[in-house]
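Peer 1: This is what each chain is made of:
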Amino acid sequence: MTEHKDRIKDLFKAGLEHYEVTPPPHIWHGIVQQKNHRKTVMWKWSAAAAAALLLLSLGTWFILNQEEYDNYAEKPVEASTESTSVVEAETTKPSESVRFAKEEILADLKQKAADKPKPKTLATVNKTDEKQFTELTPTESTTIEVSALIADESSGVEPIETSADTETAISNTQLLSKYLAELEELSDIHRDLMEARKTDNKWNLAMAYGTNPNFSMPAEEYAIAPERATFEVDDFTNDMAEETGYYAQIESTQHRHPLSFGLLTGLPLSTRLQFESGLVYTRLSTISLTYVMNGWQNEYESNLHYVGIPIGLRFEFLQRRLFSLFISQAAIFEKGIRASNTTTNFQDGVLTSSETTFGEVKGFQLSSLSSIGADLAITKQFSLYAQGGVQFFFLNEKQPYNIRSTRTAWPSMQTGLRYRFK
Amino acid sequence: MDEKQLLKDCLKGDVKAQKHFYEQFAPKMYGVCLRYAKDRSTAEDYLQEAFVKVFTRLKSYRSEGSLEGWVRRVVVNCCLEQLRKSDILKYSIELNYAHQITDTDANISEQIHATQLLEHIRSLPPGFRTVFNLFAIEGYSHKEIAGLLQISEGTSKSQYARARVWLQHKLEKESSIENDRA
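Those protein sequence lines, which keep their order, are chains A and B.
Counting from 1, position 416 in the first sequence corresponds to residue 416 in this note's numbering; the numbering is continuous, with no gaps.
Counting from 1, position 51 in the second sequence corresponds to residue 51 in this note's numbering; the numbering is continuous, with no gaps.
These are calculated hints, taken from the structure and not from any lab test.
Everything numeric in this text was worked out from a predicted model, so none of it was measured.
You may find that some hints are simply not true.
For lysine-lysine, the following DSS-like pairs were computed, each having C-alpha atoms within a straight-line distance of at most 25 Å [stated by the list, open to error]:
1. Lys35(A) with Lys157(B)
2. Lys398(A) with Lys143(B)
3. Lys38(B) with Lys13(A)
4. Lys19(B) with Lys35(A)
5. Lys4(B) with Lys13(A)
6. Lys170(B) with Lys13(A)
7. Lys380(A) with Lys28(B)
8. Lys9(A) with Lys38(B)
9. Lys59(B) with Lys362(A)
10. Lys35(A) with Lys173(B)
11. Lys398(A) with Lys85(B)
12. Lys173(B) with Lys38(B)
13. Lys28(B) with Lys38(B)
14. Lys38(B) with Lys8(B)
15. Lys12(B) with Lys13(A)
16. Lys28(B) with Lys13(A)
17. Lys35(A) with Lys59(B)
18. Lys9(A) with Lys8(B)
19. Lys19(B) with Lys9(A)
20. Lys85(B) with Lys16(B)
21. Lys16(B) with Lys398(A)
22. Lys143(B) with Lys35(A)
23. Lys362(A) with Lys85(B)
24. Lys335(A) with Lys53(B)
25. Lys16(B) with Lys362(A)
26. Lys362(A) with Lys170(B)
27. Lys170(B) with Lys35(A)
28. Lys38(B) with Lys85(B)
29. Lys157(B) with Lys9(A)
30. Lys173(B) with Lys13(A)
31. Lys16(B) with Lys335(A)
32. Lys398(A) with Lys38(B)
33. Lys35(A) with Lys28(B)
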């Protein structure tokens, strides 16, 4: 720089370095008010978080109880239009597959009966009760059939004429009983399946655990350089900058695995599509170490605590009895609730001092999570799930330095335990 | 009052001590804020925000340097934070002036009042003003400024050079008017 250039600098430095002006008196009152206001804001944030949690719990409780109430209040389903008579009993409509199974068995029985001379009793049962049979629930129809058979046979309306006829009748009765037992069993299995599918249409609650990979940056990466990372300079990074020659003395920066825990609720929109939301806590931890200079070394540890609300959709593209495969897309809104920063000094490897400061984290972090996963049933109500995908982070420039400052896209892994409400 | 005792009382939350602390440093810090802000009203806001921060962070002061130096650093950082929030700084830093003023030998009067110097600084666009303040008056290096403002070292250097030329032109103009009057 020329002498002339220095003159400008010197002129302004000399004239303004110790320039003093008495501020207006209202500023002091403003400072006192603002200090008190900050305390109130902290309380308000805590109260708002508590209220949001309470509302979420109450909402879930109300919806669950409403559904239970609806189940109790559910009216009997009207009989199929194919039916010739209306079933009066409180019953649900038998499924198509159960009806087909019955029809197959009845057709089989008819065929067997046609092959052999048949007693009138069986023919009577088949002809007269067939319509009613198809209109009732499996249990009821089975009961009616058995009781009709017993009544017909014991009443002896049509006396059995020969011993051969008697044997045929007994054989047919046994055959019919066997088929009926199979039918009963088939109905039970189907009922279980239906029940399982019914539970899929209920709310579910998942305890989730998630993480992204950890990340280590050597000195040459110059981790916290403004050109290489997008972040908001806070008090901690500012102090670190001053103490480390603006990050030039940092030897390495280690980002630990970000950890997330949370509760997610799922609301079925159809048999395959679910709306998911909940509350997730995430911790981001970063440690920067300076070079050892004259035996001295500094360690800067930053722990950021976030609470986030994910909002997304989960689509099950493959559904089996024991497992399902799904894809999901979610937007996650995170708010930093606390920053805990520790500066530790070492001399010749021995800890000499350590200081932890706490601060607030301003702004919001928005991310998008796209993933694919599998859900494996353990019991009727519980299932384990795991999903992997990619998470993109936005609005990083308003957040303190963390693992998301240097890269915006990260692989994501989540696993959890899901409970389906009955 | 002894500085250590004053600090102790301030940390305890003694409002009287805090007021005393404020009165001791506020005039100098207001001078700092006036250099960074575009007007008096904004400078008052900066000063208020800065002192709230000073009291919040007072426990992290380690008595290693002078207390005034520490307070000044907090105030400067607070001014930068406020400028960043308003995005004025970003816009101004990116501003590219098509017509540059030639750097010539100056005929500048050495007898300029501080208020006039302040007015000249405040006439600078926010980006120029901030870099000039940090480099010329606070004494930060361009590397440090790059870290603070999240810009490159080269940008800091060019912003300072342009600010200096801008001020030089203003001072020359002022001197020539005064000479004409004389």
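Peer 1: If a hint holds in the structure, say so; if it doesn't, say that too.
Peer 2: Evaluation of the provided hints:
1. Of the supplied pair hints, the one linking lysine 35(A) and lysine 157(B) is violated, its CA atoms being roughly 38 Å apart against a limit of 25 Å.
2. For the given pair, lysine 398(A) sits about 22 Å from lysine 143(B) by alpha-carbon distance, which is consistent with the 25 Å threshold.
3. With a C-alpha separation of about 19 Å, the suggested pairing of lysine 38(B) with lysine 13(A) holds against the 25 Å cut-off.
4. Straight-line distance between C-alpha atoms of lysine 19(B) and lysine 35(A) comes to about 13 Å, which keeps the hinted pair within the 25 Å bound.
5. Restraint check: the Cα-Cα separation between lysine 4(B) and lysine 13(A) comes to about 30 Å, which exceeds 25 Å; the hinted pair is violated.
6. The suggested pairing of lysine 170(B) with lysine 13(A) holds, with an alpha-carbon distance near 17 Å, which does not exceed 25 Å.
7. Distance hint between lysine 380(A) and lysine 28(B) is unfulfilled; the C-alpha atoms sit about 72 Å from each other, more than 25 Å.
8. Simply put, lysine 9(A) and lysine 38(B) have alpha-carbon atoms about 20 Å apart, close enough for the 25 Å limit, and the pair holds.
9. With a C-alpha separation of about 21 Å, the suggested pairing of lysine 59(B) with lysine 362(A) holds against the 25 Å cut-off.
10. A C-alpha spacing of about 46 Å is found between lysine 35(A) and lysine 173(B), which places the hinted pair above 25 Å, so the restraint is violated.
11. Restraint check: the Cα-Cα separation between lysine 398(A) and lysine 85(B) comes to about 10 Å, which is no more than 25 Å; the hinted pair holds.
12. Of the supplied pair hints, the one linking lysine 173(B) and lysine 38(B) holds, its CA atoms being roughly 22 Å apart against a limit of 25 Å.
13. The straight-line distance between the Cα atoms of lysine 28(B) and lysine 38(B) is roughly 18 Å, inside the 25 Å bound, and the hint therefore holds.
14. For the given pair, lysine 38(B) sits about 35 Å from lysine 8(B) by alpha-carbon distance, which is inconsistent with the 25 Å threshold.
15. Note on lysine 12(B) and lysine 13(A): the hinted pairing is violated, with a Cα-Cα distance of about 36 Å set against a maximum of 25 Å.
16. Simply put, lysine 28(B) and lysine 13(A) have alpha-carbon atoms about 14 Å apart, close enough for the 25 Å limit, and the pair holds.
17. Annotation: proposed proximity of lysine 35(A) to lysine 59(B) holds, straight-line Cα distance about 15 Å (limit 25 Å).
18. At roughly 38 Å between alpha-carbon atoms, lysine 9(A) and lysine 8(B) are farther apart than 25 Å, so this suggested pair is violated.
19. Our distance criterion of 25 Å between C-alpha atoms is broken by lysine 19(B) and lysine 9(A), whose separation comes to about 34 Å.
20. Between lysine 85(B) and lysine 16(B) the alpha-carbon distance is near 32 Å, which puts this suggested pair outside the 25 Å criterion.
21. Pair hint lysine 16(B) plus lysine 398(A) does not hold up; C-alpha atoms about 36 Å apart against a cutoff of 25 Å.
22. For a cut-off of 25 Å, the pair hint linking lysine 143(B) to lysine 35(A) is broken: about 34 Å separates their Cα positions.
23. Restraint check: the Cα-Cα separation between lysine 362(A) and lysine 85(B) comes to about 11 Å, which is no more than 25 Å; the hinted pair holds.
24. With a CA separation close to 22 Å, the supplied pair lysine 335(A) and lysine 53(B) stays within the 25 Å bound.
25. Between lysine 16(B) and lysine 362(A) the alpha-carbon distance is near 31 Å, which puts this suggested pair outside the 25 Å criterion.
26. This hinted pair does not check out: lysine 362(A) and lysine 170(B) have alpha carbons roughly 40 Å apart, beyond 25 Å.
27. About 41 Å separates the Cα atoms of lysine 170(B) and lysine 35(A), which puts this hinted pair outside 25 Å; it is violated.
28. A threshold of 25 Å between alpha carbons decides the hint, and for lysine 38(B) with lysine 85(B) the separation of about 14 Å falls inside it, so the pair holds.
29. At roughly 14 Å between alpha-carbon atoms, lysine 157(B) and lysine 9(A) fall within 25 Å of each other, so this suggested pair holds.
30. At roughly 20 Å between alpha-carbon atoms, lysine 173(B) and lysine 13(A) fall within 25 Å of each other, so this suggested pair holds.
31. For the given pair, lysine 16(B) sits about 36 Å from lysine 335(A) by alpha-carbon distance, which is inconsistent with the 25 Å threshold.
32. A hinted pair counts as satisfied when its Cα atoms are at most 25 Å apart, and lysine 398(A) with lysine 38(B) qualifies at roughly 24 Å.
33. Straight-line distance between C-alpha atoms of lysine 35(A) and lysine 28(B) comes to about 22 Å, which keeps the hinted pair within the 25 Å bound.
Against the hints set out earlier in the document, violations occur for numbers 1, 5, 7, 10, 14, 15, 18, 19, 20, 21, 22, 25, 26, 27, 31.
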